[in-house]
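J.: Got two chains here, separate frames each, mind docking them using the hints?
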Amino acid sequence: MGSLPCSTLLPPARKQAFLSAAAAAALCGLTSITGLEAPLQAQAPGEAAAEIYTKAMTAFSNGDFPAALAGLQQMLSIGAEGPGMESVHYSLAAAYFNQKEPQKAKAAFENYLKLYPAGVRAADALLALAQTEVLLGNKIGAAVRFADVAKLGGPNREQAVLAQAALLKEGGNAAEAAALLQELVAGGLRTPESVQAALLLGSVEAAHGERAKALGILGNLQGRLLPLVDNPLQLNALAFEIGDAFLNAGEFKQALAAYGMVKRREDTVLLQQQRIQALARKYEANIASAKAEPARAVELATGNQRIKALVDQCKLTLEEAGKSADTLPALRARQAAAYQGLGKLDEAVLLFESLLQKPDAPSRADALFSLGSLHAQLGEAADCIRVLETYRKEFGSAKNLDTALLLQGTNLLQLDRPEDAAACFDALLARKPESPHLATGLFLLANTRFSQSQYTDALETYKKYLKRFAKGEFAEEAAYRSALAHFFSGQYAPAMEGFESYQKAHPNGLYVQDAEYRIAACYSAAGKPAEVVKLCTTWEARHGDHPVSGDVLSLHADALVALDKREQAIALYRKSSVCAATEEVVHYSLFAANKELQRLGRWNQSADMFREFLAAKPNHPSQVLAMYWLARALAKEGKPEEAKSFLSSKIHAFIDDRSQDAVEQLLSQLAQLCSKPPRPPATQDASTPPPAATPHDPEASLNTFLAPKDFPDTPLVRARILFARSELARMTKKTDEAAALLDRMCKDIPAKALGASLLAQCADRLLERGDTTEAGKFYKELLRSFPKADLLDYAYNGLGQIALLNGKPAEALQSFEYAVDKAGAATKLREVTLGRAKALLQLGRTEDARPVLEQVAATREWRGEATAEAVLLLGEVLAKKGDLAGALQYFQRVFVAYQRYEKQVARAYLRAAECFEQLQEPEKAAAHYRELSSKPKLAHLPEVEVARSRLKQESPR
Amino acid sequence: MKKLLPLLGPALLLIASPFSGHAQTVQLKDGKVLFAKEMRREGNFLFLKVSTPNGAVTDELVQLPQLERIDFGELPALVEARQLAQAGDAKGVLEITSQPAVFFRTYADLPGSLWPDVMRLRLAALAVAGTSEMLSELQKSWLPTGDPELDTAFRLIVAGQNDPAGARTAWKALAQPGAGTLAAGISWLETGQAALKAKQWREAVRAFLSVEVFVPQQRLLLPKALLGAATAFKEKGDHGKAAAFVHEIGADFPGTPEAAAAADLLK
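Taken in order, these protein sequences are the chains called A and B.
First residue of the first sequence? That's 1 in the numbering used here, and the numbers climb one at a time after it.
First residue of the second sequence? That's 1 in the numbering used here, and the numbers climb one at a time after it.
Just so you know, these hints were derived from the structure itself, not from any lab.
Careful: at least some of the hints might be erroneous.
Said to hold, decoys possible - For lysine-lysine, the following DSS-like pairs were computed, each having C-alpha atoms within a straight-line distance of at most 25 Å: (1) 32/B - 291/A; (2) 822/A - 236/B; (3) 676/A - 639/A; (4) 565/A - 534/A; (5) 291/A - 29/B; (6) 282/A - 32/B.
This is chain B alone, in the form it adopts within the complex (with noise of 0.2 Å):
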């Protein structure tokens, strides 16, 4: 897996674009619409390379105060790792989605900016398959992406590096039956983990399965809930459901850590 790539300051002159070969179009406020085929950023201006219609290429400077928007249209690495996703590789997330991460950072507060959708991407995978390493440099290179579920994740998941007890009052304080979001997902996912550990199966049960009911969307957490609600039905001694447990992971999941660890949890 490659690592996470260093993040580059603000003023950065060009950097790799996850973008070759596609165009970004850029709205201005006074209605003009650009289509960049290179975009770079210095401080509060964004230089284009603009197509004109009779098919030149001239240079645009733009002052980020008169920018409506940047549309930067379907990216085909996020496409990917939507698909990896929904595979529940989080490796492959974190893998796929370390260029766009540096690429869109230096864009991330202007509107239009796929900082979000990236990160929504990212913190899940952190939250199951991340190593010390890239949660440290996740909080060396943070920026707030304005939607605070995601931005609740993020604080959920550095607490759960650098401040176990707080992260530990946390999950409590996120895990309610019914929640949605990212954090709360996180916040079953360790509460299972804990109840697990204090071999209080019933408790594991629900918590896994809190990913699941409340949660289904963020199919990256799922490989490990089930994996834990399939451990903690075996451990009750319900084998009959820890086995639909662990079919279910091979079949939805195949190929994850998760679909091998319950192939053998039966053995």
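The shape of chain A in the complex, shown without the other chains (with noise of 0.2 Å):
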């Protein structure tokens, strides 16, 4: 039996041996003949002889081989005599073989040989024989047999040698069977025999070693030899192990090569049906020539029995192929292991989605595990999550589950999806608690609930780990983070303890720096600068240039300052903002220190610490801030000038820049110094008059910083010039001016040549004006061509109240969710809220919308215009739910407290109005539409015309 890997993937027919293909070949020319031999003559006792051995010989060719042996030994037994016997020993014999007796047939083709060594069937008998000794077990008498009859030559001699190779082969002796087959193929693969030589050569090449002549012989027995195979299926499978040879071998180009040339099983079953029609087309010829040649009759009908046989054959390998499992799933894995070796994680996740392309394929479970694996590996989170959603819910008791659930965490935890996360961990932990994956489950449960914030559920967590796997790989981790979740909780006593005990059990671990750097901090927590200063002082010494060193420099620092030591603070705190690792800690240092220069009253160093940063740091988000604090430090020690063109000239480098929208914060500030006279110099004696002021320009003098002339004529650059001309019509009180200026920028400017900060607000002022089309086209804009900027609020919370304003309120709720999710409402979060519970009251949610007004109208932050209109919305929450009298009191609220905000207190009156209305109190309704009607301020606003329209309604009654 040839040996072939992973044999319970592929169909039985692949597990045939070539040896049993050769058997059969070689019983089935031994049957046939037998069968078609030249009738017997029977000589004694006449005609009853000749009747048993037509019903034997009948019996035969109908495979009722008990029959045939029956009337056969009736034959010898009644002593029949003469040359016709040899056939009757013969198919003796024969019938013994098929009827699997090998012990039998060895006597009876032995006593054959005996009476007939020189007989017709002679090489038949030797050929059978060696047959019978492989069914006994005797593989090398087998050998030696069928050597001998490779000796002899004749017809059987190419079947000998096959069978002669593959007890070779299987014996282990690939060497000398390649020999064989080699000597076998030499004359071209023309006849079925040598084509079954080559294949199984190739099955020799193959366990030899020999891979690469193997996949030759494979690729030669493609294209126009295919109708030569006798068993397709046999090719399949040596192309199965000659890939699978060079997978093992990590030769993964040549294992695709290989596997390449595997057939589907509805090719397979095409090319059987084709060989067996050409048999049938052969043996319909034979017939036509023994009529046409009778001289060659026997001859021909001897090839068709041969041929039927043949074809029986074939039927029966038919038959397999359209029974056999479905060799794809197994040729698609092995396929996407050998791209996976490749490093081609792509073309294996095409297999995989391949195999899905039936429901109900059986290997589903495993290529949805494999596919979902692969995105993991490809980073492709949200494809990943996907699949082995899929995976889960389909096979929910899989075998992968495990490994599902963690991988499914991990890419949750990367699309930043930590509560979905950590109920993958926890449903690791509750659903295979024996999971090898368990102790990284846990770790990462822990992880997860740690970055949530949720300290208190991740200490446990921590703890149920270090109970668990004490000396797992995550316990130094896991028992620092522990004490990191209490200091994080306030918990500094604790926190100390468990830093300390961190030391302890790993002096030399990997967060020994930081720990100490917490104790420092939880000393800080404590109020204990003298401690912290002793710490840090220690720290710095001890560890020196560490990532953690710009930290703890500025705690240092901290203390120095609560100490009052603030010469020494600042020293240190613009030497951490120089070493800080992180973008923050830079951040505060550099803020810190300019704090207690600008309390010092030093604004020279102050502008020469935020120069040196801008020289060192080009690249840091505190960049424009520092340009910003620089100005004004310049500005504050008395060089409003030099602020200005320090200004101009950092404008002058980003102005055409569209991507830098921090530009708007410099024209701004440009604008506000321009804004202000310049201070007149100090007069050394103070009983000199000072002299004359000239009158302050700010318009002269932004356009001597800002001078169009001095930058490209291009739309974005004119937009920044309007919008500084704008900015300083604001800051000098010209809100009409401003407001122009803002409205030409958005009429003479397209959409696409403005920076973020510019289309946020154009668009805001489009909507402000009601022109919801335009406003929405910036908007948009803005989304599409600034993805990531901060101010993307401007754009969901504008395209949620356009939406408002058109009626569609799910749009609108979906808009400021987004704005929420998306872009975290920095900036709109009032609006945004207040949008929300309109949006949540057109859809008719008034109880999800009542407690969003109740925080938009107690968030003292948000104090103003949004205030009066939810305690407004409070009302008609009320109203809608008919308790009328709680209605007006929140009516009634806002023209009372709110009378600034003329459009709330306008429709606060009309609502109230109305809402006496329905309590049959005309009088107060009238006085309230009356009221509404004698405000001059609220005049202009259309609510006055209707309540002076129901006034006149009701006059006559």
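T.: Structural data, given as structure tokens:
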């Protein structure tokens, strides 16, 4: 039996031994010839013997071997004699063979050969004897007999050599087997036997390590030779065998070449059908020839019996091929493994996806799992999650569920979905408590809770981990993070204890420096700056240049400030701002130093510090803020012109770059500096009157530092200059001019030319003017061109407001949710929250809207028109519920407490009047209409018109 | 490159045989086997010059209904064409198979004809390197091969020329994951090119890699597919993968126009 790797994945037909195939061919010859041999002329006792013989041979032909045996034995027992008895002895042996009684078959063939050593079937008998030896397990004896048959030559030679080679291969003698087979194929692959030999040779070469030769043979058997292959399943088996040999040897390209020659089941069936048809045509041709040439009748009939046996064999194979398990999943899995070996994961993804085309494919679970793992390796977190989710849904108790949960959890973390990730880790712990991934799952769950600032849960989970896996892979980190969890929860005493115990347990641990720093931070939290200074000094001396050193220096400086040692603190802050590893610490230290310098009035040092910072960290996100402070320091130093020049130079560098949206901040600051008159120079003598001040012209000042002629004439530059002028107008209290300049920008400059900040401002201005179509275009351009800008909440909020105005509350709600989820709603939280409440109200979800409105109304920082509108809408909520008295209280609160917000006040009066009407209190209603109509400030509002018309309707009553 | 020879009608007396010097084995239904030194077809008859065992050459006339099969043996031009196909040389394949195509068209309906074998090579080559002139010639001279895979590929190639909208629909239908036909391979190539034009890099990568994965035996399609994948990866910003494909094209298909284009891609 040929050894085929991964046999469990392959259909049974693959397991056919090459020897079996050879043996079957030999046996077929033996059987059929026996059946068709020239009729025996019974010598005695006459007619009866002939009749017995005919019946026996008919039974033989029909495959009824017990009946054939009975008849043939009867022939022997009645003492029939003559040359025709040769056929009886041969047929008897053949019948035993076919009856699967090899011992009796062996004896009968030996008897035949003893009686007829030169008999017409002697060669066949020798071949059959070799076969019986195989069946009896005597492989050495069989090999000797096959060799004898081969030596004899004749028509059985190729079969004998094939069988001998198969035995040699099975016995591990690949070299000898290969030599024999090479001899068979040397004359070219023209006969089915030589093709069979090539198949076996390919298998021998593959097993022998001669993979390239085997692949060459396999390649030769493709194309035109395919119709000569007796059993295409064997060809597939060989392709698998050679591919596997390459795969195991790490030769992936060659493995793919071999796997590429595996035929699909439908192709195998088609090939076999074509072969059967070809054999049938040959059969018919032989019959025609026999009629035309009677002298060749016996020869052609013999040939046809061979063909018939081959057809039977082919039909059997066809049946097997039809029934056999589909090899496609096994093939795809191997191809995917080879592609993975080549590092080509995208290709492996396609292979597994192809297996998922049929929803009920038996390999679906494995394919889904492998696909999910591949997406994870490719860093395609969303795809990984989607596929593994399907895997879990469809195969909830699959063997790889634990790995799937772990992978899904880690990928969810990558997508910043900690809550879903935690659910996966929780499921892993609950459903697969014996999983080898348990430790990792537990640790990641704790980390997830930690990242969500759920320190109590995180702490609990780290404890569980440490209890169960005290010496686990993550034990050190878990111990350290436990202390950190206390620290971030503000539990400094247990945090300190944790850090100290970590230090003891891991004196050379990864987090020792950080633990020492955190201990100092605990003292800082406890209000012990002297201790902090001591610990930080020790830390700096011990660890020096370490990634945490920036944090330590700033902590040290904070303690010195607390001890009022500001000079030393400034020096440490500045050192920290230079060496800190994170942008946040750089920012903190830089501006903490600036604060102390301001306190000491050292504007020149402040300016120097920011100059150094701007030069040293040109890509730091605090660059613009530093420019701002540098300009401010210069102005405070009494050098406003220098400050303006500095700002002008920086603006010049970025003004035509659409991606630099910080330019607007500098323009705003320049406008501010230009808006103020220069300070008169100090006079030496108090008695000397100051020189007459020239009137300050802010616009001229701005034009000096922002002269359009100094910049390229592009739409963006024009827009930015308009913006600066608008800012100046706003700062000099020319609000109409400021608005007009903004309007001009909206009208003259196409959205595609503007940077993020101006897009946001123009869009808001357009919305304020009620031009929702144009505003929508600007918001969409902001989203499209600046998907990572900080100002995206402008766009989402604006689009939400437009949707509300257009009566599309569901769309609005979605936009407001995006403003929070995607853009963080840093600037527009108030508008977004109120918008959300309005959308909910429009959707009829009053109960959902109410707490949101209460939140707006209660947030002190948002106090203003939003508060007034929230209060008004709270009244609407109650009115909708039928609580008119309650609603009235809210409406009255609006026009009493928020008189500045005319629009809300007018609406409140109107709604209060309407409530009174509903309450059947027309006098109170009329009083409210009258009050609304009488307010001159509200006269321009449409609500006043409504009130007046209702008063007119009321008067006849 | 030589032009495709004009095809002659079935009444051809004797055409330039790519088998000069090779005998063809003609098997008859009555079991008779003839070794033809020369062969020509006229309607339903084959006129043969047959070698006899004593070395003489006789004329034989065979009626086609008597014919079992013609064994044309291994044709050197086809052996070479397969080698060229292995190297991805589509133009070379078209050139070397032009005469065999003309020859075997005459015998396309006879058992044993190598018409399908020749067209298997030519259709793939035409799909990647066919000029509109060649495709018009193909359409004029086409005879069904009896192999549904090849006949579908022919219709697809011709549709690409005559009915682009219909072809696009067909590409979509044929480019199914796992499909292993020439027509599927052509469809992936075309959908990949369309995705490249539409700057849909991920879709382009998937289409081009499908050629590599599901129809690796169609070597003639591979250089274009790999170049497409390299381009799409580059545009996606995955320069490592793009470089790996460029290297692969250079190593596996040197001398092809795609190898040169791939080398330029990373410059």
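J.: Which of the listed hints are not met by the structure?
T.: No hint contradicted; all consistent.
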